[in-house]
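Q: Hey, can you work out the whole structure from these sequences and the hints?
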Amino acid sequence: MTRRRVVVFVIIGFLALGAGAAMWRSIRQPAPDPARQLGAGLRCPACQGESVADSRSPMAAAMRDVIAAQVAAGRSPEQIRDWFVQRYGPEVLATPQPRGVGLLLWVVPAIVLAGGLGLALRARRRRTRPRTPATMVDAGSRRGAERTWNLAALCLIALVVGVALAGPRLAEEQPRAAPSAAADLALARSLEQQGRYAAAVELYRDVLRRRPDDQLRLRLAFALIRAGEAPEAARVAEQVLAVRPDDPDTLLMLGLARREAGSPLARETLRRFLNRAPEHSAATEIRRLLEAEGPPR
Amino acid sequence: MNGVLRRFLWPAVALLAVGALALTLLVALRSPPDAVGEPVTVASGTTAPALTGRTLAGADFDLTALRGQIVLVNVFASWCEPCRTELPLLVDAERRWSGRGLRVVGLDVRDGPDAARALLDETGAGTLTVVADPRGDTAVSWGVRGVPESFLVDRDGRVRQRAQGAITAAWLERWLPPLLAP
Numbered sequence: 001m002t003r004r005r006v007v008v009f010v011i012i013g014f015l016a017l018g019a020g021a022a023m024w025r026s027i028r029q030p031a032p033d034p035a036r037q038l039g040a041g042l043r044c045p046a047c048q049g050e051s052v053a054d055s056r057s058p059m060a061a062a063m064r065d066v067i068a069a070q071v072a073a074g075r076s077p078e079q080i081r082d083w084f085v086q087r088y089g090p091e092v093l094a095t096p097q098p099r100g101v102g103l104l105l106w107v108v109p110a111i112v113l114a115g116g117l118g119l120a121l122r123a124r125r126r127r128t129r130p131r132t133p134a135t136m137v138d139a140g141s142r143r144g145a146e147r148t149w150n151l152a153a154l155c156l157i158a159l160v161v162g163v164a165l166a167g168p169r170l171a172e173e174q175p176r177a178a179p180s181a182a183a184d185l186a187l188a189r190s191l192e193q194q195g196r197y198a199a200a201v202e203l204y205r206d207v208l209r210r211r212p213d214d215q216l217r218l219r220l221a222f223a224l225i226r227a228g229e230a231p232e233a234a235r236v237a238e239q240v241l242a243v244r245p246d247d248p249d250t251l252l253m254l255g256l257a258r259r260e261a262g263s264p265l266a267r268e269t270l271r272r273f274l275n276r277a278p279e280h281s282a283a284t285e286i287r288r289l290l291e292a293e294g295p296p297r
Numbered sequence: 001m002n003g004v005l006r007r008f009l010w011p012a013v014a015l016l017a018v019g020a021l022a023l024t025l026l027v028a029l030r031s032p033p034d035a036v037g038e039p040v041t042v043a044s045g046t047t048a049p050a051l052t053g054r055t056l057a058g059a060d061f062d063l064t065a066l067r068g069q070i071v072l073v074n075v076f077a078s079w080c081e082p083c084r085t086e087l088p089l090l091v092d093a094e095r096r097w098s099g100r101g102l103r104v105v106g107l108d109v110r111d112g113p114d115a116a117r118a119l120l121d122e123t124g125a126g127t128l129t130v131v132a133d134p135r136g137d138t139a140v141s142w143g144v145r146g147v148p149e150s151f152l153v154d155r156d157g158r159v160r161q162r163a164q165g166a167i168t169a170a171w172l173e174r175w176l177p178p179l180l181a182p
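These protein sequences, in sequence, are chains S and B.
Take the first sequence: its position 31, counting from 1, is numbered 31 in our numbering, and each next residue is one higher.
Take the second sequence: its position 79, counting from 1, is numbered 79 in our numbering, and each next residue is one higher.
Heads up, some of the hints might be wrong.
[Said to hold, decoys possible] Simulated coverage check for chain B against chain S, where a stretch passes if three residues somewhere in it have a Cβ under 8 Å from a Cβ of chain S: (1) 16-27; (2) 102-115; (3) 131-139; (4) 142-154.
[Claimed, not checked] Label pairs and their calculated CB-CB ranges: (5) 182(S) / 25(B): 32 to 38 Å; (6) 12(S) / 38(B): 57 to 63 Å; (7) 161(S) / 103(B): 54 to 60 Å; (8) 50(S) / 40(B): 18 to 24 Å; (9) 126(B) / 276(S): 37 to 43 Å; (10) 103(B) / 56(S): 30 to 36 Å; (11) 82(B) / 265(S): 33 to 39 Å; (12) 289(S) / 114(B): 18 to 24 Å.
For the record, the hints were derived by calculation from the structure and aren't laboratory data.
Here the structure is a predicted model, which is why all the values come from computation and not from measurement.
Positions of the beta carbon are idealized from the N, C-alpha and C atoms, including for glycine.
A: Below, the structure is given as C-alpha cells:
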C-alpha cells in the first residue's frame, strides 16, 4: 500500500514538474518576430486550416512579403491587420473577432466547459457521500485515495493549461534555430519564384558555405539548371551522388542537368532514376520525356 | 414526477451542450468553396485598388487610364494549371466585345517573365496585355485568394463582380453584357 502511494506521488511529481517547466518556458519567451507573429494570426485564403506564416502556397508567400514590407515601413500590427481585413474580409483573421457568429465561437465552448465541470463536480460529490454504514469502515483510506486523485487531476489541468499557453510559442521557436540560414533560404526560394535564378544560386552557395547539406546542394543544382549553368549543376549533383549513391532525387537532378548540358549520359542516368524510384512523383514526367525523345541513338 | 425530471434533466442538458458545440464547429469549419466547376462569384461595389506596373511587353500600365471602359482583370500564373484553359477564353472575349468597350488585362503573379511568355504563346494569348507582379503585392492588395481569380471593373472604376476559380464562357455571358450596355 505504501509503495503504491510512493509510485502515485512520484508520477504526480513528474506531472507537476512538466507543468511547471511548460509554464516557465511560456513565460520566459522573449517577444518573437513581429512579421511572423502577424503571419501566424492571418489565415491563408488559398489553404485549409493553415496560417499565412506556415503555408507554402504562393499567395501566402506574397502575403508574407507584404507583411514584411509594411512592418519595415513602420506600420503597427493593428494597421496591418486592418489592411488585410479590408481586402480579405474579417475571416482572414485566424482568431475570430468576438462579434456576431464569432462571439458564439468564444461563448459556446466556455459554456460547455463550465457545464462539464459542473456535472463532474456534482457526480463526484454524490459519490463521496457515504451511503451505508458498511462503507463508513474504510472511509479513512478512501478519503486518502480521493485526495490523491484530486491532486493528480489538478496537476493534469495545470499541465494542459501550461502546454496550451506554451505550445504556440514553442512551435514558433523552431524556424528561429538558424535564423539567418532560414531567412536566406526563404529569400532564395522567393528569388527562384521570380525567375531570378542567378541571384538564388549565389544565395544557396552562401548558405552552403555556412551549413553543408546534401538536400540544399540538390536545390542549388536545380537553380543552376534553371540559370542556364547545366554543366555546373551536373558537377554539383555528381558530388552529392558520390556521398549518396543511387539516391533517386540525386539521380533525377543529375539526369536533368546532364540532359540540359547535352551530355550523352543523360538518358542512362534518368533510366537509373526510374529503376530506383518508379513511384517517384517526377517519374511519370521523366518517362514521358524519355519516350518523347524516342529510342536511344 | 420530480425524480423523472431529475433523471432526464442532466442528460438533456448534456445533449444540448454537445449539440450546440457540434453546430458551432460546423459553422466555424465550413469548407471553403470547391475550385472545380463554376467559379465562386461575389458581387462587389468597391473602387478598384491601384493596378500599375510594367507589362510583359515592357510598356507602363495604369488601370486608371482605362476609365470609361469595362476591364476584365484576370489574375494568373504559369504555375497554375486551370489558368491554362482560361487564357484562350479571355482572348476570345476581348476579340468579341472590344468594340463595345471591353479590355482584358492579365496580372501575372509570382512568376518569371519567360515562363509567363511561354504560357501565353502556348495558349495563343500572346496579344493579351499582361502586367507582371513578380512579388505578388498587387494581387494581395486586390485581395486575391488564389489563382485564377477574375475581377470585372466597370466604366467608373468600381469592381462589380469577382470570380474565384477559372471563369467559363457562360460566366462571361452572364455578367459581361449588363455592364457593356451603354
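Q: For each hint, tell me whether it holds in the structure or not.
A: So, going through the hints one by one against the coordinates:
| no. | hint | verdict |
| --- | --- | --- |
| 1 | 16-27 | holds (count 6) |
| 2 | 102-115 | holds (count 7) |
| 3 | 131-139 | holds (count 5) |
| 4 | 142-154 | holds (count 6) |
| 5 | 182(S) / 25(B): 32 to 38 Å | 34 Å, holds |
| 6 | 12(S) / 38(B): 57 to 63 Å | 59 Å, holds |
| 7 | 161(S) / 103(B): 54 to 60 Å | 58 Å, holds |
| 8 | 50(S) / 40(B): 18 to 24 Å | 19 Å, holds |
| 9 | 126(B) / 276(S): 37 to 43 Å | 41 Å, holds |
| 10 | 103(B) / 56(S): 30 to 36 Å | 34 Å, holds |
| 11 | 82(B) / 265(S): 33 to 39 Å | 38 Å, holds |
| 12 | 289(S) / 114(B): 18 to 24 Å | 20 Å, holds |
Against the hints set out earlier in the document, no violation occurs for any number.
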